[in-house]
Each structure stands twice: as structure tokens, then as C-alpha cells.
Amino acid sequence: MTSKMLQERFSSLGLINIEKDINIDTVSVLNDFAKLNRRINLI
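Count the sequence shown with our numbering and you get residues 1 to 43, in order.
Please note that a few of the clues may not be correct.
[Stated by the list, open to error] For each label pair, taking beta carbons as the anchor points, the in silico distance ranges come out as:
#1 F10 / D32: 28 to 34 Å
#2 A34 / S3: 26 to 32 Å
#3 Q7 / N37: 24 to 30 Å
#4 F33 / S11: 25 to 31 Å
#5 K4 / T26: 41 to 47 Å
#6 I43 / D21: 41 to 47 Å
For the record, the hints were derived by calculation from the structure and aren't laboratory data. On a predicted model such as this, the values are computed, not experimentally measured, just so you know. Even for Gly, the Cβ is constructed at its ideal location relative to N, Cα and C.
Between the sequences and the hints, there should be enough to build the whole structure, so can you do that?
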């Protein structure tokens, strides 16, 4: 169990390290989310 958790942590750390080199336009991302329908249908 603990080795699986350690493997998942190392995988996540590896992804974080890889993704830090990617430039993301945060304004564009926020604008895309702002355009989405945020209503929740409860019925």
C-alpha cells in the first residue's frame, strides 16, 4: 500500500516538473471558464 502511494507521489512530482516548462496564458484560461455555463440543474 505505501509503495503504491509513493509511486503516485513520484508520478505527480514528475508531472509537476514537466509542466513547469509550459507557458500558460492565464487570462485566456480564465476567459474560457467564464464563458462556460455554470448553472447546476438540481432536478
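Problem - Earlier hints that do not hold, by number - result: Of the numbered hints given earlier, those the structure breaks are 2, 3, 5, listed in rising order.
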